[in-house]
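Novice: Listed here are the chains, written in short residue letters.
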Amino acid sequence: MTARGRGTHASKGFVLLLLAGLCLLGMVPPALGQMTEILRPSEFPYLGNRVAVWVVAQLHILFAAFILGAPVFVVISEWLGVRQNDPRYDRLAKEVTKVTAILYSMTALTGGFFVLVLVVLYPNLTAWLFNHFFPIMAITYPLLFIAETIVLYLYWYTWDTLKGEKKGRHLAIGVLLNLIGIVTLFVIDAPTAFMNTPVKATEELGMSLRDYVETTATFWDKVNNFSWMPLNFHRLVGNITFGGFITGLIAAYMYMGSKTEEEKAYYDWMGFVGNFIGIGALLFLPLAGYVYGSEFYDYDASIGPYMMGDQLSMYFEMQGGMVGLIFLASAYYIWLSLKRIEIQDYSATVTKRLVAGVLSILVPGLGQFYNRQWVKGLAFLATQAAVLRAIFYIVAPHWEEGLGLLLLLFLFPIAIQIASSSHALRYGQAEAPAGGFLVLPVRLFAALLLGLEKLCLKRREGVIKLAFVVLLFGNAIWMTPHAFVGSVSALTDETYEELSLPGEWDFLALMPAKNSAAASMVLMILLSFILYTRAIRRGRIQWGKIDFSSQFALIFLAFSAIWTMGLMGVVRSSLRKYFHIYDLVPDLSPDSFTPTLADASILITILTVVFFGIVSLAIWLAIGTAKDKVRG
Amino acid sequence: MNLAKTWWRIIRWKLAASIVAAVLLWIGSGQLGFPLIFQWMFVAYAFLGFLVFVVLDAPPLPELTGWKAGVGIVLFYLACSVVYVTAGMRLPQFSSETEVAGIERKTAKYRQDPAVTESLVKKTRDLSAKADEILAKLEKLEASGQKLDLEGIEIASLPSESIPSRDLSGMGLVERGKLVYQDHECYNCHKIGGKGGKKRGPELDNIGNLATGEQLKKKIFDPKAWHAEGYEKRKKDKMPDKYPDVMSDEELEALVTYLLTLKNTAVKTPKPVFPSGS
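Quick mapping for you: the protein sequence lines, in order, are chains Y and A.
Throughout the first sequence, residue numbering follows the numbering used here, covering 7 to 638 in sequence.
Throughout the second sequence, residue numbering follows the numbering used here, covering 43 to 320 in sequence.
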């Protein structure tokens, strides 16, 4: 039997399993709806019910994140292949789709496992959710899943037949696949978000939450709850990030297994593209996470502080460290990528650009430190000049650089100002310091890029090192907690002074400083990438000649992204302290404990390694065996 | 030997710079009033910077192929796993004993008296049977066109102790109140003695002098009843209104008793502002 034949049989087997799972799922809601007795839940041995549900849910989410995120850039990659007449893009899209098809089956299997575990361990909660979200659970979601299965296999199996003039039809199937995927994500996010932020009545109605949900709230009210859209945005961006990093992982594996220079060059390029997608989407994740987190604070004053100040605070400290490491690894990959570019053209930049560039960047930055009106006036003018200059870049050939510069010049100061003002408005205080000390190094870096391009290109390695300094500094700010305790309740009179930030430095723990730090880190990556694209335009890139440690950087990025998702999954589960559905379905069982970060770290790591094992197997099945066959 | 020389050339100035940076950060942060643990954090960042810049200038890694690449990947996963688990363990942990004690208090009623759960299950079954009886009667009446007669059908009600009290017997009321304050995590928004969350809610150190027991009870169970001075414009971060559903009357009594003992006039607890007409 050929590898393709084996793959075909395996795919068919998975489809049959999937259909069986869906049939089983379809039986559950009517069965539960007919039950009138209170069901006694079972006890999951050793782990406990909540941890068991978390483990299965997390596995399902990890697979689902990839199969929803990957098709987004797969279709874009396929389209780029047509537009630029570059077969590498089509090959990348095809190989990633092959892995997606195998992992899709795992998503379905773990999803079925998840539902079964919920029904057995939490029958009453499951019945409650199924009853309130019946149209989703029993109709929409299964239908979407069937539709996605059909379209995914259609997309895969027509790849070689719909080509040339028919490529547009194949792309259309890909777009349809993505639309179904996004709708599926949004649909299933509704009950998930509802569990944390169920819809409340307006103050005018004056009804309690329970009465409103049971008697008045419509189905759409329950779906469109407070945290639904922020969760959708966060997960959509996160899925694309995750898909990009897994693509980088695939490329790293295949690079290491390459036998020819041509293969190495291709997988080097694939790793770059995967990293580019992952990092590009990652830049929006801090914003998505902030919007999502702030929704909890706005919904109920007790959830947010429990998340960030109480028992889950050190989880976010760990998350800060993880994100910092991910940014450092990304910058390291850009650094290694720069090293393999041979620059041939160091022609000087125009003097006017040099002056305009330096002034437009530095003066607005300096203006923040001086109160003299004339400086502020000059700063305003210079900012407008900078914006115009950025627009010039947009309409010029290198539009993407102009867009990046526009984001830097225009939105960054606005973002800092909003962060500072919103904090003041919320708490009725004077504006909190927003970490303006980070603004100047970012602007300095941008000034160098704009005005001293030749110097930057010649000393590009040194310039990127500046970026690392800002990244380290920004991450230090981001990770600085208000107090080094596992829970704010642990602070005693004796330990308060020893473990907390001094009063005059407390602003380091506030959101404006965190937002400034995150914005600075995001912008440094963006600027590093702009330097990289400038270097490519003036030189020649040698694909396949990258330092071998870059492949471990790609593996590290995927591992860390998965670990961070697991960490946030524990936060998601533990946030529901003493409740399954906020203020509607309590959980006063012994299982509603919050695991310590130490225990959670072990469980997250085991889960990450298991997931990596399955993904590695899928990559070998999808791509490795095909290559062995070709070589054989 | 050459490799050692190469590495020494890469490391030496960076190590010197990191040590200087660490010393400056230690002294500087100490002078600025940062506690010891934060000073150590800044020093750790100096050495993280050292590691980062060493990695940047490290010689190229030799390529691994075949089984060596596989072993390299496995070892790399192992190294990442060890680092992350160690970091998770080294960060401050909340007390698991406190967590377990809190859970036990909240769930004590169910664990100590399973008869309550059984009684609730029996009552639900009885209610369900009664509902079926009523439905059957309704169907007959619909068919015959007669009016509904509910006489003779007893409609049971849920036991009045629907929110179980925790077994806090043997403890003084003020001590119980402190536990209630902890268990319901009031510290996340309010400060007492300088300890607690950021200024979402007013500091409560002097609340015993500013409000009566009845006013406090009303506020906890109905946050809209009155507000603290200076908090009238708050559109967000309002006090949750879930406590009638999660706090028993006994807990409320204990909490208010504790709050009434807080009479520290040195702290500026804002005064209650009642709606006009109340």
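Any given hint could turn out to be false.
Pairs of lysine-lysine residues, derived as BS3-like cross-links and limited to a Cα-Cα distance of at most 30 Å, are as follows [said to hold, decoys possible]:
{"no.": "1", "chain 1": "A", "residue 1": "Lys266", "chain 2": "Y", "residue 2": "Lys228"}
{"no.": "2", "chain 1": "Y", "residue 1": "Lys551", "chain 2": "A", "residue 2": "Lys110"}
{"no.": "3", "chain 1": "A", "residue 1": "Lys233", "chain 2": "Y", "residue 2": "Lys471"}
{"no.": "4", "chain 1": "A", "residue 1": "Lys56", "chain 2": "Y", "residue 2": "Lys228"}
{"no.": "5", "chain 1": "A", "residue 1": "Lys110", "chain 2": "Y", "residue 2": "Lys100"}
{"no.": "6", "chain 1": "Y", "residue 1": "Lys345", "chain 2": "A", "residue 2": "Lys47"}
{"no.": "7", "chain 1": "Y", "residue 1": "Lys270", "chain 2": "A", "residue 2": "Lys110"}
{"no.": "8", "chain 1": "Y", "residue 1": "Lys345", "chain 2": "A", "residue 2": "Lys266"}
{"no.": "9", "chain 1": "Y", "residue 1": "Lys551", "chain 2": "A", "residue 2": "Lys280"}
Calculated from the structure, these hints are not laboratory results.
Novice: Now tell me if each hint is right for this structure.
Specialist: Results for each hint:
1. A/Lys266 to Y/Lys228: 25 Å, holds
2. Y/Lys551 to A/Lys110: Holds, at roughly 20 Å.
3. A/Lys233 to Y/Lys471: 44 Å, violated
4. A/Lys56 to Y/Lys228: 57 Å, violated
5. A/Lys110 to Y/Lys100: 28 Å, holds
6. Y/Lys345 to A/Lys47: Judged against 30 Å, a Cα distance of about 23 Å means the pair holds.
7. Y/Lys270 to A/Lys110: 17 Å, holds
8. Y/Lys345 to A/Lys266: 63 Å, violated
9. Y/Lys551 to A/Lys280: 58 Å, violated
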